[in-house]
Amino acid sequence: MKFWNTALNLFLLGSAALESSAETTWGYTDATVSVQTKGAGVGAGLKEQIPDNKPLSKPISLGSSDSLKLTLTSQEGRTTKRAHQVFLLLTDPATGLDISYPFNVKDNGKSRLDLTQKDLPIQFLSLPEPVDARLLIGGFGNSRAYNNVAFRLSIDRSPDEPVPTAEVLRYGKLPEIHHIFKSDPTSPPVMITLAFVGMVLAALPLLAGVWLFLGANLNHLPTALKSAPVPHAVFLGSLISIEGVFFLYYTSWNLFQLLPAVAVAGTVAFISGSRALGEVQGRRLAGLR
Amino acid sequence: MRWCPSFLLFCFLAVVHALSSSGDRLLVVLEDATQKDLYSTFWGDLEARGYSLSFESPKNEKLSLFQHGEKAYDHVLILPPKSKGFGPSLNPKNILDFLNKDGNIILALSGKSTTPSAISSLLIELDLHLPTDRSSVVVDHFNYDTLSASDNHDVLLLQRPGPLRPDTKAFFGGEGILALPRAAPQTLGNNNPLLAPILRAPATAYSHNPKEEAFNAEDVGATGSQLAIVSSMQARNSARFTVLGSVESLEDKWFSATVKGLNDKKTQTANREFAKQLTSWTFKETGVLKVGKIEHHLADEPENLNPTIYRVKNETTFNIEISEYNQDKFVPFEVPSEDAVQLEFTMLSPFHRLTLTPSRRTENSTIYSTSFTVPDQHGIFSFRVNYKRPFFTNIEEKHEVTIRHFAHDEYPRSWRISGGWVWIAGLWSVIGGFLAFVVMWLYSEPSQPAVSKVKKAQ
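Protein sequence lines correspond, in order, to chains A and B. Residue 1 is where the first sequence starts when you use the UniProt record's numbering, and the numbers rise one by one after that. Residue 1 is where the second sequence starts when you use the UniProt record's numbering, and the numbers rise one by one after that.
Each hint should be verified, as a subset may be incorrect.
Said to hold, decoys possible - So the derived list for chain A, only partly shown, Cβ under 10 Å to chain B, looks like this:
1) G96
2) F140
3) L169
4) F181
5) L236
Unchecked claim - Under the rule of at most 20 Å between Cα atoms (straight-line distance), these lysine to any residue pairs were calculated in the SDA-like manner:
6) K173(A) with E344(B)
7) K265(B) with E344(B)
8) K173(A) with S150(B)
9) K398(B) with G261(B)
These are calculated hints, taken from the structure and not from any lab test. Quick reminder that beta carbons are idealized off the backbone N, C-alpha and C, glycines included.
Kindly produce the complete structure, drawing on both the sequences and the hints.
Here it is, written out as structure tokens:
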């Protein structure tokens, strides 16, 4: 009986102890953050006390040559104690990036952390907004771990320095490519073309006018048709039909349709032409030309 | 003919039972046969899905992943060994050979015991890295099971993972909380694009060797979400390799455990459902893509399929039929939102890279198509669909076609080109002038002064 009583007592004691320890939480005290610019004198940088459980109102700026120093003393409940996990967790709520940096913890709970931009992954260097710097303090057992924003850290880079990028292969959608076609050949404005066409075609009436001015006429046509009507008609007809065949070749015929047609028309022109020119020779011998 | 119906019935049964798209022979490498009962629900689930399980101890000298040069099993599930290693039949080379022959592997690790260095060197081959002491567990003081690990905080409670990226499909998502006791963390190297984490540790987690009392800041390699608890690699041949950090999460005990987070109510774990998703993905029951018909044709001649030659600036249409294997059948493949199946029209480098849009669905496939103008460059081109995405098997299709120039009679005629009218007019005016000259020469009477000149000369 006595044994059971003691056992029960022990159990109650134990559970009471458990309950009381379940209420303790991890925390910190004496937290300071300081930013020291390289080359600046001692005490020139910024130094701020982080109030317990409350974030700093202003973001802390970390330039490319600055080093950030963070010191704190971890506490379990009200007593300073070495915590198993003392981390500075940087998170970016917009992108979901996170990285944590463990503090150097001494046995009496004093912890310190040095951070420069070189320690940051390059993904953090290109963030436009300040990131949340949270303190994680926790350990094994029943005490509640601490996880709260201590300050906001803005990672400043001088605009002249390019932000390093990481080129890693990840399978995914690639940007679309649309072939850029060579531009189509263009013609000059139609008005200009028509003006030049007009100038070219004006050559014919001009030629006719000059001929008429020099006394060109068709006075021998009745004579020629009277003395040799068939050769003249056939000769002129074959010349016109040769040009007609060329026109057909230009619009629709191919070479094998053109060649026999030109051969026929050419032969006709040769034979009838020799007759017609004989008649012309007759007129010359008669002293008419 | 008597055997015919029974043969058909047999075939039917075989089809019904072969759930995975790549075979049902599953080797379970288990060193301690007494541990088999710890996972009885898990084995039962696998058998119910049609796998034939063979349990072998790695110490069995006859155990071999290959028989007559071919793989003797389709899938392998490796449980962490008690002893220092797995022996010669499961050395890293054999396991990689098995992967190269399209075998799928689940490798379970445990934070309870030190991982053998053979496993660690196998993982390094795949650019997966274990902590250097090989016996760390993931600890999280914010997301642990208060019922079973109130002191050690090494039973992680995690939400089921959503999609890895906005453009990937969530094969492992769902409701419920996962309990991962004593998980061995992995970190994924940056140089292997074939790796994909399935389940990552929360941002507040870190890895810790329970055998070491103190915690040194210098020892921390990776923390937070850089630690993967379940990670996967899909090889170029689409063979799958999954590393599960916590083998205990497959135990019967954790399939039906009740857990309680720091601020949550008591809930049942969803480990059983997650184990099903994990095994069905690794053993190719999900995320397997199949290409059906590939058709391309001139946009206005759909009846003339897959010509071998196109002309520059032709309007062309390309269709590809893709189906996705889901548990036991092919279903139409739907591209995850923000992702796209892309068609490249390439000669050395892509001239066009276009998004293929679903144009038609059949009972078990989706037909993706696009239309485009063939570039103004002649040569040997190819239609390429290179769809490599995390968790989907690879699609790599290449179909060559010749692109020719305009033929001589395919250019516009000269009178259609307004700039050419001047030359055409010049040509015909010369012809007209020639004919006029002939007539004039034949029939013109010389004007008087000319005649007198001629006479004087005579």
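Which numbered hints are broken by the structure, listed smallest first? 7, 8 and 9
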